[in-house]
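Visitor: Chains as they are written, first to last, in the numbering used here: chain A, 1 to 296; chain B, 1 to 666; chain C, 1 to 155.
Derived from the structure by calculation, the hints contain no laboratory data.
Quick caveat, the model's predicted, so the values are computed rather than measured.
We treat Cβ as the ideally placed atom computed from N, Cα and C, and that holds for glycine.
Incorrect hints may have been included.
[To be verified] One side of the interface only, derived from the structure: several residues of chain C facing chain A at Cβ under 7 Å: (1) Phe4; (2) Glu56; (3) Arg82; (4) Thr105; (5) Arg147; (6) Lys150.
[What the hints assert, rightly or not] Dumping the calculated DSBU-like pairs for lysine-lysine here, alpha-carbon to alpha-carbon at most 30 Å: (7) B:Lys507 with B:Lys228; (8) B:Lys417 with B:Lys381; (9) B:Lys417 with B:Lys403; (10) B:Lys472 with B:Lys524; (11) B:Lys297 with B:Lys228; (12) A:Lys216 with B:Lys437; (13) B:Lys615 with A:Lys208; (14) B:Lys417 with B:Lys437; (15) B:Lys230 with B:Lys199; (16) A:Lys208 with B:Lys603; (17) B:Lys419 with B:Lys396; (18) C:Lys29 with A:Lys216; (19) B:Lys381 with B:Lys424; (20) A:Lys15 with A:Lys188; (21) C:Lys151 with A:Lys216; (22) B:Lys472 with B:Lys419; (23) A:Lys188 with C:Lys29; (24) C:Lys29 with B:Lys524; (25) B:Lys524 with B:Lys507; (26) B:Lys603 with B:Lys199; (27) B:Lys437 with B:Lys228; (28) B:Lys252 with B:Lys228; (29) B:Lys603 with B:Lys615; (30) B:Lys347 with B:Lys297; (31) A:Lys67 with B:Lys615; (32) B:Lys507 with A:Lys67; (33) B:Lys234 with B:Lys297; (34) B:Lys230 with B:Lys252; (35) A:Lys188 with C:Lys30.
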Amino acid sequence: MQTNSESRLREEARKLLATGAVEVVVGYGRGHGGEGVRPLFAKSADEAGGLVFNEACVHNLATYLSKEPCRQMMLRGGRVGIVAKGCDARAIVVLLQEGQISRDGVHVIGMVCEGVRGAGAEDDDKAFKCRGCGVVTPPLYDTLIGDGDATGAAPPEGDPLEDVNEMSSLPREERGDFWREQLSRCIKCYACRQACPMCYCETCITEKSEPQWIDKPSHPRGVLAYHLIRAMHLAGRCVGCGECGRACPMDIPVDLISRYLAAEVEGAFDYRAGMDPEATPVFRTYGEDDPGDFIG
Amino acid sequence: MARIGVFVCHCGSNIAATVDVRAVAEAASRFPGVVHSVEYRYMCSDPGQKMIAETIREKDLTGVVVAACSPRMHEPTFRRLAEKTELNPFLVEMANIREHCSWVHDDRGEATAKAIETVRMLVEKVRRNSPLEQIRVPVTRRALVVGGGIAGIQAALDLVNAGVETILIERSPSIGGKMAMLDETFPTLDCSQCILTPKMVELSQHPLARLYTYAELDGVEGYVGNFKVKVRQKARSVDHDKCTGCGLCIEKCPSRVPSEFERGLADRKSIYVPFPQAVPDKPVLDRETCIWFTQGKCGACREICPVEAIDYEDADEISEHEVGAIVVATGYDIIGRSLYGEYGYGKLVDVLDGLQFERMCSASGPTSGRIVRPSDGEVPKTVVFIQCVGSRDDSKGRPYCSKICCMYTAKHSMLYKHKVEDGKAYVFYIDVRAGGKGYEEFVNRAVDEDRVVYLRGRVSRIYERDGTLFVKGADTLSGHQIEIRADLVVLASAVTAAEGARELGQKLRIISDRYGFFTEAHPKLRPVETNTAGVFLAGACQAPRDIPDSVSQASAAASKVLGLLSADELVREPLVARVNEDLCTGCFACEAVCPYGAAERVKREDPRTGAEIEKAYMNPGVCEGCGACLPVCRPGAVDLMGFSENQIYSEINVLTESFKVEDEAK
Amino acid sequence: MADFRPRIVAFLCNWCSYAGADLAGTTRKKHRADVRIIRVPCSGRVAPAMIVKAFEKGADGVVVGGCHPGDCHYVSGNYHARRRFYTLRKLLDFMGIEEERFQVTWCSAAEGDKWAETVNRVCDLVEGLGPLTTFREMGEAVSSEMREIKKVADE
Numbered sequence: 001m002q003t004n005s006e007s008r009l010r011e012e013a014r015k016l017l018a019t020g021a022v023e024v025v026v027g028y029g030r031g032h033g034g035e036g037v038r039p040l041f042a043k044s045a046d047e048a049g050g051l052v053f054n055e056a057c058v059h060n061l062a063t064y065l066s067k068e069p070c071r072q073m074m075l076r077g078g079r080v081g082i083v084a085k086g087c088d089a090r091a092i093v094v095l096l097q098e099g100q101i102s103r104d105g106v107h108v109i110g111m112v113c114e115g116v117r118g119a120g121a122e123d124d125d126k127a128f129k130c131r132g133c134g135v136v137t138p139p140l141y142d143t144l145i146g147d148g149d150a151t152g153a154a155p156p157e158g159d160p161l162e163d164v165n166e167m168s169s170l171p172r173e174e175r176g177d178f179w180r181e182q183l184s185r186c187i188k189c190y191a192c193r194q195a196c197p198m199c200y201c202e203t204c205i206t207e208k209s210e211p212q213w214i215d216k217p218s219h220p221r222g223v224l225a226y227h228l229i230r231a232m233h234l235a236g237r238c239v240g241c242g243e244c245g246r247a248c249p250m251d252i253p254v255d256l257i258s259r260y261l262a263a264e265v266e267g268a269f270d271y272r273a274g275m276d277p278e279a280t281p282v283f284r285t286y287g288e289d290d291p292g293d294f295i296g
Numbered sequence: 001m002a003r004i005g006v007f008v009c010h011c012g013s014n015i016a017a018t019v020d021v022r023a024v025a026e027a028a029s030r031f032p033g034v035v036h037s038v039e040y041r042y043m044c045s046d047p048g049q050k051m052i053a054e055t056i057r058e059k060d061l062t063g064v065v066v067a068a069c070s071p072r073m074h075e076p077t078f079r080r081l082a083e084k085t086e087l088n089p090f091l092v093e094m095a096n097i098r099e100h101c102s103w104v105h106d107d108r109g110e111a112t113a114k115a116i117e118t119v120r121m122l123v124e125k126v127r128r129n130s131p132l133e134q135i136r137v138p139v140t141r142r143a144l145v146v147g148g149g150i151a152g153i154q155a156a157l158d159l160v161n162a163g164v165e166t167i168l169i170e171r172s173p174s175i176g177g178k179m180a181m182l183d184e185t186f187p188t189l190d191c192s193q194c195i196l197t198p199k200m201v202e203l204s205q206h207p208l209a210r211l212y213t214y215a216e217l218d219g220v221e222g223y224v225g226n227f228k229v230k231v232r233q234k235a236r237s238v239d240h241d242k243c244t245g246c247g248l249c250i251e252k253c254p255s256r257v258p259s260e261f262e263r264g265l266a267d268r269k270s271i272y273v274p275f276p277q278a279v280p281d282k283p284v285l286d287r288e289t290c291i292w293f294t295q296g297k298c299g300a301c302r303e304i305c306p307v308e309a310i311d312y313e314d315a316d317e318i319s320e321h322e323v324g325a326i327v328v329a330t331g332y333d334i335i336g337r338s339l340y341g342e343y344g345y346g347k348l349v350d351v352l353d354g355l356q357f358e359r360m361c362s363a364s365g366p367t368s369g370r371i372v373r374p375s376d377g378e379v380p381k382t383v384v385f386i387q388c389v390g391s392r393d394d395s396k397g398r399p400y401c402s403k404i405c406c407m408y409t410a411k412h413s414m415l416y417k418h419k420v421e422d423g424k425a426y427v428f429y430i431d432v433r434a435g436g437k438g439y440e441e442f443v444n445r446a447v448d449e450d451r452v453v454y455l456r457g458r459v460s461r462i463y464e465r466d467g468t469l470f471v472k473g474a475d476t477l478s479g480h481q482i483e484i485r486a487d488l489v490v491l492a493s494a495v496t497a498a499e500g501a502r503e504l505g506q507k508l509r510i511i512s513d514r515y516g517f518f519t520e521a522h523p524k525l526r527p528v529e530t531n532t533a534g535v536f537l538a539g540a541c542q543a544p545r546d547i548p549d550s551v552s553q554a555s556a557a558a559s560k561v562l563g564l565l566s567a568d569e570l571v572r573e574p575l576v577a578r579v580n581e582d583l584c585t586g587c588f589a590c591e592a593v594c595p596y597g598a599a600e601r602v603k604r605e606d607p608r609t610g611a612e613i614e615k616a617y618m619n620p621g622v623c624e625g626c627g628a629c630l631p632v633c634r635p636g637a638v639d640l641m642g643f644s645e646n647q648i649y650s651e652i653n654v655l656t657e658s659f660k661v662e663d664e665a666k
Numbered sequence: 001m002a003d004f005r006p007r008i009v010a011f012l013c014n015w016c017s018y019a020g021a022d023l024a025g026t027t028r029k030k031h032r033a034d035v036r037i038i039r040v041p042c043s044g045r046v047a048p049a050m051i052v053k054a055f056e057k058g059a060d061g062v063v064v065g066g067c068h069p070g071d072c073h074y075v076s077g078n079y080h081a082r083r084r085f086y087t088l089r090k091l092l093d094f095m096g097i098e099e100e101r102f103q104v105t106w107c108s109a110a111e112g113d114k115w116a117e118t119v120n121r122v123c124d125l126v127e128g129l130g131p132l133t134t135f136r137e138m139g140e141a142v143s144s145e146m147r148e149i150k151k152v153a154d155e
């Protein structure tokens, strides 16, 4: 990681808090017992001293913007500062497109990022999603920490879709077996939903009883429907942060599903979520030349 | 508690021959919620309907399923029947066991099983129907017509003569449109101005008509019956109340620019009246070419005006009006001469387009009605007319036929021959399309009486040498390449939508096709309506069209408007979308996908913070009930009456339950 | 699969495909009886949750019928549907469900013949694929991990 990014980050956060430009800076702090990192809500210049930025900063903090504690804070008129890597900033762009936050309600501290560690990875093992990353410099920011061009920040090499492609190149039956096995462990804890910044609906479709499109019990038969519908709700909105897979307590790689669909959507409709706040979200519009060979 | 009545129709033998209707009625009697289930020969007949009505009353039914033909056939019949009883008409559904069942399956067992399942589905659906009341929307009894050509004028006249106050907006300084530019019109060769001017005057003098010329539509809000429109009166710089139309300002004005009305064949002044019969016949000042406004010098018109009507301080004025319906009559244009390099890119001075030739024929035109070559003023002895310039051309032009060119080319050739008796007229054509009343006879006059020579073939090139135009073309009927040395060439250029039509359409939320022509609601059955309720089309803005058809269509549009405005309230089907604000997240995906603009943003107070937030509201006066908003609403906040989430879920649920029964039976 | 009768649910739009199916009836164009029709106002009304629910509840195939592009009675519903359903098919395939089980057809009110042919084609196709067992198998699946845990618990 960039050597002086952390100190510049703390300086920026202190300034924002001391001048009252923001009520809180949402960032990363040292983890419990000194291991790893965890989200930190710095409310004073003092607390801002605890902010860190390193390869362990996997979390997509944007999820705190569309949900509590920041949602109510911003509704009350408070401004929120947020530390955002490229993938996180993409999530912020989607939230802006969907009217969930206002542009002047957030101060985005964009971090040039060379990749974060994958789940359960060794020291140098970066997450799949970081390979060949196209948003080393976040697509949206108010302040940028770390200069991509000058210091030659580069993401790990490789194909960010390698794991997705591996899955999709398997014969369909094998894929079916894989997902049947994996989803049989799903306990419907909804951690994947809670971790995702894009799942902000206060009353989610899973809560609906009239009608109950998604079975409520954690009985496996209804579990597949949950994942299918969630994937469709995220189609064209998933920014590939991988938090859902990381959050799953049963180690089900649910992020594969949405990242696969995101790649399909990009290929078919030339749309990548979270790159341009002015763009029309892909499923709010259509193309007269959209692929239709499958239609009889 | 549900008390559903099921009525299974034999439809004579149409259903009963294949489906065991008694078994269906019997099975239905055991469905949860069903308290009455019978079969009868003809449900839609008088005795059939009477039976249903009586049963509704006797058994205090809360819902009715008629298992019979397609709901597209008789749903209105049975809903109308319910209106006469205590049962809300929207608690009546039909199970299609004829078109989708008895008429398409042979096996009695299969067909009966399918009929039973279908009835079960509709019983479950109707249990979740809500009683709905028709939506009433107040209507403003005033109309707006955009465009002052013959179509706009006709529509406006029909409306004001029917007692409806009508506002007409025209962006040029006078009404009249293209028809005012024409000399003689086909198929009668009567004078265009002579038949047009009385209508123009009638309209301008009618007490219920408000004309805004040199004005544009600035903005439109609202919906059918309740539009709020903003009209921008562009600054004329001439006070029409004071102006007497004496014309001294025009005489004195030193600035000359090409006249739009004369299509560049003559000039006008910067302060001008577009043509002698203009309505209003008072001038406007074109600030873009006026020396005072561009250079700060001159001011001659203001000095000379005897009544001090010239006002350089005049500014655009915006007025707001409430109207119930809008007629779009923005007309057409032609693409001109510059599309084809083969025809000189518009640089050959003696190659004209159809409208230019029209002006030349006109007695009040740039040449006082004499046909002369623009290059040297000589009378042309050989004139070549070329049809289909830019029409029926997939590669460079438009694929469509411009409809009027065959007729006006025949007319032009005849007008030429009437004025230059010893002249030679040639027409290059691919087809001659003369489908209207008297049209074929008209074209034959050109050939038989006026001895116009028709050559079937295209012109590959026109070039000029020593003042003569060489026209190289093919005569496919004789099989020869030919070259004609012409003095003048007239191109029948393709008809296009008027400039700015698409942008105007966007303001009105109506669709235009890729050529800018507005799209009608249905090409055969709804030619004057658009996809936006309350906005209608008249004339060539919809497609190339001649005067008789434009006038017909204008009257048709006016009759639609009169129908709309005939009652104080507009009654609409209540099968519309409704938002549950508690679930709405304010993402407004619904707003993005709604083709009618029915989604509105309403301000609400967030209960926990007191902050002002926005929620979606679907305007029942605008919503057409397509349900496109439902799949994009992730929390399921919006529902659609008549095809609601619960209803469709229950239909799926029931069907697949019977699959399970089949499974267990095995 | 000698005894297998495919169960197909079709969501047909009121203005085009449902009317097309009516026309098949009016012209007595016979076809297979395995399809059950649910009327919707527009193909754009059909949400992925409806398709998934139908499969979950036992349908072996699902059809959505809409108007031809450019002809939608409600202007653009079918365009939105096309984009959405392309994506849903890719998802189904990724999760191991044959995407051909979910068929979309543009069938106008004038195409009674086409509807009859479509019914036969889809029924034959789904019959060839066999019953959709994914959801049922999910209902019975217990992962190997859980089996291990159960084994240990039982001992």
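Visitor: Look at each hint and say if it fits the structure.
Guide: Structure-based check of each hint:
1. Hint status for Phe4 of chain C relative to chain A: violated, with the closest Cβ pair at about 18 Å, above 7 Å.
2. This hint holds: Glu56 of chain C has a C-beta 5 Å from the nearest C-beta of chain A, less than the 7 Å allowed.
3. For Arg82 of chain C, the suggested interface contact is upheld, since its CB lies about 5 Å from the closest CB of chain A, less than 7 Å.
4. Taking 7 Å as the C-beta cut-off, the interface hint given for Thr105 of chain C holds, the closest approach to chain A being about 5 Å.
5. Because the closest C-beta pair between Arg147 of chain C and chain A is about 10 Å apart, greater than 7 Å, the hint is violated.
6. At its closest, the beta carbon of Lys150 of chain C sits 13 Å from a beta carbon of chain A; the interface hint therefore is violated under the 7 Å criterion.
7. With a C-alpha separation of about 12 Å, the suggested pairing of Lys507 of chain B with Lys228 of chain B holds against the 30 Å cut-off.
8. Between Lys417 of chain B and Lys381 of chain B the alpha-carbon distance is near 10 Å, which keeps this suggested pair within the 30 Å criterion.
9. Using a Cα cut-off of 30 Å, the hinted pair Lys417 of chain B and Lys403 of chain B holds, with the two alpha carbons roughly 23 Å apart.
10. Under the criterion of a C-alpha separation no larger than 30 Å, the hint pairing Lys472 of chain B with Lys524 of chain B is inconsistent with the structure, at around 41 Å.
11. Among the hinted pairs, Lys297 of chain B with Lys228 of chain B is inconsistent with the structure: their alpha-carbon atoms are about 41 Å apart, more than 30 Å.
12. Distance restraint check for Lys216 of chain A and Lys437 of chain B: the Cα-Cα separation of roughly 70 Å exceeds the 30 Å cut-off, and the hinted pair is therefore not satisfied.
13. At roughly 19 Å between alpha-carbon atoms, Lys615 of chain B and Lys208 of chain A fall within 30 Å of each other, so this suggested pair holds.
14. The straight-line distance between the Cα atoms of Lys417 of chain B and Lys437 of chain B is roughly 23 Å, inside the 30 Å bound, and the hint therefore holds.
15. Simply put, Lys230 of chain B and Lys199 of chain B have alpha-carbon atoms about 26 Å apart, close enough for the 30 Å limit, and the pair holds.
16. Of the pairs offered as hints, the one joining Lys208 of chain A and Lys603 of chain B holds, with about 25 Å between alpha carbons and a cut-off of 30 Å not exceeded.
17. With a C-alpha separation of about 35 Å, the suggested pairing of Lys419 of chain B with Lys396 of chain B is violated against the 30 Å cut-off.
18. Between the alpha carbons of Lys29 of chain C and Lys216 of chain A the distance comes to roughly 43 Å, so the proposed pair goes past 30 Å and is violated.
19. For a cut-off of 30 Å, the pair hint linking Lys381 of chain B to Lys424 of chain B stands: about 6 Å separates their Cα positions.
20. Restraint check: the Cα-Cα separation between Lys15 of chain A and Lys188 of chain A comes to about 42 Å, which exceeds 30 Å; the hinted pair is violated.
21. As the CA atoms of Lys151 of chain C and Lys216 of chain A are separated by approximately 28 Å, the hinted pair is consistent with the 30 Å bound.
22. Taking the CA atoms of Lys472 of chain B and Lys419 of chain B, the gap is about 26 Å. The hint holds against a cut of 30 Å.
23. A threshold of 30 Å between alpha carbons decides the hint, and for Lys188 of chain A with Lys29 of chain C the separation of about 47 Å lies outside it, so the pair is violated.
24. Between the alpha carbons of Lys29 of chain C and Lys524 of chain B the distance comes to roughly 26 Å, so the proposed pair stays at or under 30 Å and holds.
25. Using a Cα cut-off of 30 Å, the hinted pair Lys524 of chain B and Lys507 of chain B holds, with the two alpha carbons roughly 25 Å apart.
26. Between Lys603 of chain B and Lys199 of chain B the alpha-carbon distance is near 48 Å, which puts this suggested pair outside the 30 Å criterion.
27. For the suggested pair Lys437 of chain B and Lys228 of chain B, the alpha carbons sit about 41 Å apart, so the restraint of at most 30 Å is broken.
28. Under the criterion of a C-alpha separation no larger than 30 Å, the hint pairing Lys252 of chain B with Lys228 of chain B is inconsistent with the structure, at around 42 Å.
29. Among the hinted pairs, Lys603 of chain B with Lys615 of chain B is consistent with the structure: their alpha-carbon atoms are about 6 Å apart, no more than 30 Å.
30. The hinted pair formed by Lys347 of chain B and Lys297 of chain B fails the criterion: a straight-line CA distance of about 34 Å is larger than 30 Å.
31. Taken as a hint, the Lys67 of chain A and Lys615 of chain B pair is honoured in the structure, with Cα atoms around 17 Å apart against an allowance of 30 Å.
32. Among the hinted pairs, Lys507 of chain B with Lys67 of chain A is inconsistent with the structure: their alpha-carbon atoms are about 37 Å apart, more than 30 Å.
33. For the suggested pair Lys234 of chain B and Lys297 of chain B, the alpha carbons sit about 22 Å apart, so the restraint of at most 30 Å is met.
34. At most 30 Å may separate the alpha-carbon atoms for a hinted pair to count; Lys230 of chain B and Lys252 of chain B exceed this at roughly 35 Å.
35. With a C-alpha separation of about 46 Å, the suggested pair Lys188 of chain A and Lys30 of chain C falls outside the 30 Å cut-off, and the hint is violated.
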